[in-house]
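Novice: The whole structure should be built from the sequences, with the hints applied where relevant.
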Amino acid sequence: MSDQGIKSKPTYSKIAGDKAARYQLLLVEGAGIPSEAMAEGGDPSAFETWTVAHASALPAAPMMDEAPGAVRPFRSTQHLLSALEERLDRETMGLRLYAIGTEPFLWDAFNIASAAGLSRQEMQFAHAGPKARRIYCVHCRTMMEGVTTSIVTCKGCGAALFVRDHFSKRLAAYMGVQVDAEAPGEVPQAEELYK
Amino acid sequence: MTAAGTLSVRVREITELAPTLKRFSFEPAHGGEFPTAPAGGHVMLTLRDGGRVMKNAYSLVSAPAQRTRYEIIVRKVAQSRGGSAFLHAKVATGDVLDMAMPSCLFSLASTAKKHLLIGGGIGITPMLSFLGELKARGGRCEMHQLSSVDEAPVFDRLLAPFGDDAEIHIHTGGRAAFDLAGLLARQPLGTHVYVCGPHALMDAVTSTALALGWPAGKVHKESFGGATGGLPFKAVLKRSGLEVEVKENETLLDAIEAAGVAASCLCRGGACGQCATAVEEGEVDHRDDFLSAEEKAAGKLIMLCVSRARGPRLVLDL
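Just so you know, the sequences run in chain order L and W. Take the first sequence: its letters are residues 1 to 195, numbered as in the UniProt record's numbering. Take the second sequence: its letters are residues 1 to 318, numbered as in the UniProt record's numbering.
No incorrect hints appear here.
Quick partial rundown of chain L residues pointing at chain W, CB under 8 Å, derived from the structure:
id : residue
1  : Ala20
2  : Ala21
3  : Arg22
4  : Leu88
5  : Thr92
6  : Met93
7  : Ala116
8  : Ser119
9  : Gln121
10 : Glu122
BS3-like mimics (lysine-lysine), calculated; alpha carbons at most 27 Å apart, straight line:
id : chain 1 : residue 1 : chain 2 : residue 2
11 : W       : Lys234    : W       : Lys247
12 : L       : Lys19     : W       : Lys114
13 : W       : Lys113    : L       : Lys169
14 : L       : Lys14     : L       : Lys195
15 : W       : Lys55     : W       : Lys300
16 : W       : Lys90     : W       : Lys22
17 : W       : Lys114    : L       : Lys169
18 : L       : Lys19     : W       : Lys113
19 : W       : Lys300    : W       : Lys238
20 : W       : Lys300    : W       : Lys247
21 : L       : Lys169    : L       : Lys131
22 : L       : Lys169    : L       : Lys7
The following label-pair restraints were derived from C-beta to C-beta distances:
id : chain 1 : residue 1 : chain 2 : residue 2 : range
23 : W       : Arg175    : L       : Lys195    : 56 to 64 Å
24 : W       : Ser292    : L       : Ala57     : 53 to 61 Å
25 : W       : Gly273    : L       : Leu171    : 34 to 42 Å
26 : L       : Arg141    : W       : Ala29     : 52 to 60 Å
Because the hints were derived from the structure by calculation, they are not lab data. Heads up, the beta-carbon is just placed ideally off N, CA and C, and yes, glycines get one too.
Specialist: Structure, rendered in structure tokens:
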């Protein structure tokens, strides 16, 4: 059950940095860099780092430098992602983008970066934090955040959805498919799998 | 990438653009239309000069959507293997030639936000095809052409039709005056660079881009031409039971074809890998862009079209 053998399930590595980069920007969905997300020898002081404080009280004089070693805290994930869009819009070639966080965060960042013209070759992702999934109901297109179980009831249409490993990069979500479509009412027990 | 089959083409028009540059316009010999050519694609012409058969690849310069004509621009070079000199001196309007179906090893990246084109001299040819395609598509584009002072007006005229849609610059001050690093450093995210011209220019673009942090996947180069000559050597074709003498100014592939053996080939420029042939004995002087460094070091394969022997003799599984 834990491995459904589906190839679109993303895999992640640690952040190693890229010596060829002209400039490196690291996004962290949290207040600090989790040490387990960095590859051995990876040096975050070479990156400009953006963090999420999840707080309205930011340092009185936040460091706003666009320079290696600068750490810039944001109030929220959404705050960071919207600043990313604006920043990438005026960036030039040679940038590498790294992100550490939950899967929805990583792939939201991926989609913003792709729209700005970065290729996967210019990004590195490390998965950290809860493994809860963003689920897309393939029947009614409702998105559900924070799903931790193998079966979930769709908030949009009420269908009992099987949480597949089938992942859409475009939607930054896993697919939920009605589990009792062929035998109505036969819904397996939900298991807590994605914590 | 590969296309089988041959087209029969008639020379419709020959235009002298400069003392060493001629544009040839071809139409289907039997009427109708040509297949839609890929942007950046090339064709291989079979040229018969008496008993000598030459096969030369040329980039198409006509816009891909142009199906009534295919056009190429050919430079007559002093050290020509013969094909270009033959086209300049002996091919006339109305002549019918065999042409292999267009194929493409140099294509536009569909996901690019911006296309940066750099041509050196006759390396303008695939760029003309790109510009035609980008004009039709509405893609963002910047073109830099390096040229001698003499030929600048010629390139200026060729590029003029695209001036409304692309930012076009012609540089006549030589490589030293061309600020390649500055140009590459100021490109927005999502730019792809395409270069065609002398090897030194293509190498400079590649190494400068990589040094500025460009990913390899966004640097594209057309790998035609380059050094074809070298010391003469003997190629033993084991399966055919033939021994072929390769002269100093001819390629291994040309020599094999002249001996009557049809080797599989496509780009004739060391780019496509179609002519990869197993080497049984002898050391190879690799000159292609297809094999990896490891494969070159292993010395088990040779690209017949551009590579040569490092010693007096090669034994090939052909």
